[in-house]
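Visitor: Sequence:
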Amino acid sequence: MKFTKQLTALTASLMLAAPLISTTSSSLVQAAPTASTTDINTMAKQYSYSGVTYLYEWLAQQGITYNKFYTENKIEYQNGKPDGIVIHETATPGATAYNEAIYFNREWMNMYAYVHAFVDQNTVMQMMTPDYGAWGAGPMANDRFIQVELCEVDTIEDFAKSVNNDAIYCADLLHRYGLKPDNASSDGEGTIWSHAAVSKFLGKTDHGDPDGYFAKWGYSMDQFYDLIVYYYNKKSGSTNTSSSSKTETKTETQAQTITQPPVVKTGKQTLMHDAYLYDANGKKIKTKPLQKAGTVVTIKKSILINKKKYYQVSGGYIVASNLDGTMREIVANSYIYNSSGTSSGMSKLLKGNSVRTYGSKVTIAGIKYYAIGANQFVKANNLK
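Residues -31 to -1, 1 to 353 (mature numbering (1 follows the signal peptide of the UniProt record, and there is no 0)) make up the sequence shown, in order.
It is worth saying that the hints were derived from the structure and are not from the lab. Just so you know, these numbers come straight off a predicted model, no measurement behind them. Treat the hints with caution; some may be incorrect.
[Claimed, not checked] In silico lysine to any residue, SDA-like type, Cα no more than 20 Å apart, as pairs:
1) 253 / 290
2) 237 / 264
3) 278 / 254
4) 169 / 155
5) 320 / 295
6) 269 / 17
7) 149 / 46
8) 320 / 349
9) 50 / 158
10) 257 / 283
11) 348 / 301
12) 353 / 295
13) 269 / 247
[To be verified] Distance ranges between label pairs, derived from CB positions:
14) 41 / 276: 54 to 60 Å
15) 78 / 239: 27 to 33 Å
16) 186 / 250: 37 to 43 Å
Note that beta-carbon positions come from the ideal geometry of N, C-alpha and C, so glycine has one too.
Full structure from sequences and hints, please.
Guide: Shown next as structure tokens:
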């Protein structure tokens, strides 16, 4: 979707961002037919999920006012919950999820456009709760679907990372609302839509994304749908990734957390935890300054030092867990805190789900926390 162009708007609403939760699925879903297994999907599955950044919390950290979409707009879904998800792309090459978030936070009231999330290779930036509609795909879709924007990137590696983040986020949303993957791109029926499909089958909008952007990378909505199904089934306890029709397998499964594939990190990455620099023998370099969380570093390669994984960066090595993270089970509903130990009290991680933490525990005002982002922390006692 080209947000700089006109969009047909409806009123929408916002309850501040709530973390994604999963519901148990009683059946597995098979992916749509594709010509062959896509190399991009194979590449995408090598990367870890970046997780979700919540706009209102992130803006508070930047000292920027959050312009609350829900105070002036409220879109109730036709059926009381979303019917599915519309996949968009921004048509603004090089603009990151953070760039888009700042721009839309400032301009949405002038642009008549707003979506639930922007996704790039580094994060999922959730703009508002998916519990209410947004201004994303015209009057025939805004009160039916969650709207997710994929940011345009410059390299095939970043494209694979971004669609991986997008697919996992979409799979989580489907579980959250008790929906099953069903590709609507070819017949106008289902839970996963492109904006092009909305234009074709529902009307009142004329956008054709993300088809053209996907084609640039030799990719398609069918292949992206396959990736969503892969993660949807993993979260349902399945490892079946075969591509076929929209049929369902009558197999009882138990909901579980996605087991992330091996982490592969190269190039520019953002530290999620403060990191010291070490030498090739694993000894802290006292003359080098602490690398603060949120700092962008360039990863040259990974290396084992004394059986512990490190990444080589400019000036030395950093412990890999400050970037890779560790999945931990949430054993109690948990608020998210900033580096001062302050929580807005509006966003919770829910018991029974899992979250990726980075580095070792940190102490804030005498309490132990795990970092879950560059300036986001959860009480350590609430995780296992």
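Visitor: Work down the list of hints and note, for each, if the structure agrees.
Guide: Now for the hints, and whether the structure bears them out:
1. The hinted pair formed by residue 253 and residue 290 meets the criterion: a straight-line CA distance of about 16 Å does not exceed 20 Å.
2. A threshold of 20 Å between alpha carbons decides the hint, and for residue 237 with residue 264 the separation of about 10 Å falls inside it, so the pair holds.
3. Proximity of residue 278 to residue 254 is assessed by CA-CA distance (about 17 Å); at most 20 Å being required, the pair is judged to hold.
4. Proximity of residue 169 to residue 155 is assessed by CA-CA distance (about 10 Å); at most 20 Å being required, the pair is judged to hold.
5. Under the criterion of a C-alpha separation no larger than 20 Å, the hint pairing residue 320 with residue 295 is consistent with the structure, at around 17 Å.
6. As the CA atoms of residue 269 and residue 17 are separated by approximately 18 Å, the hinted pair is consistent with the 20 Å bound.
7. Straight-line distance between C-alpha atoms of residue 149 and residue 46 comes to about 18 Å, which keeps the hinted pair within the 20 Å bound.
8. With a C-alpha separation of about 13 Å, the suggested pair residue 320 and residue 349 falls inside the 20 Å cut-off, and the hint holds.
9. Among the hinted pairs, residue 50 with residue 158 is consistent with the structure: their alpha-carbon atoms are about 17 Å apart, no more than 20 Å.
10. Restraint check for residue 257 and residue 283: satisfied, since their Cα atoms lie roughly 11 Å apart, inside the 20 Å limit.
11. For the given pair, residue 348 sits about 10 Å from residue 301 by alpha-carbon distance, which is consistent with the 20 Å threshold.
12. For a cut-off of 20 Å, the pair hint linking residue 353 to residue 295 stands: about 11 Å separates their Cα positions.
13. Proposed proximity of residue 269 and residue 247 is supported: the alpha carbons are some 15 Å apart, at most 20 Å.
14. Range check, residue 41 to residue 276: Cβ separation about 56 Å, and the 54 to 60 Å hint holds.
15. At roughly 30 Å, the beta carbons of residue 78 and residue 239 sit within the given window of 27 to 33 Å.
16. For the pair residue 186 and residue 250, the beta carbons lie near 42 Å from each other, so the given range of 37 to 43 Å is met.
Hint violations for this structure: none, all hints satisfied.
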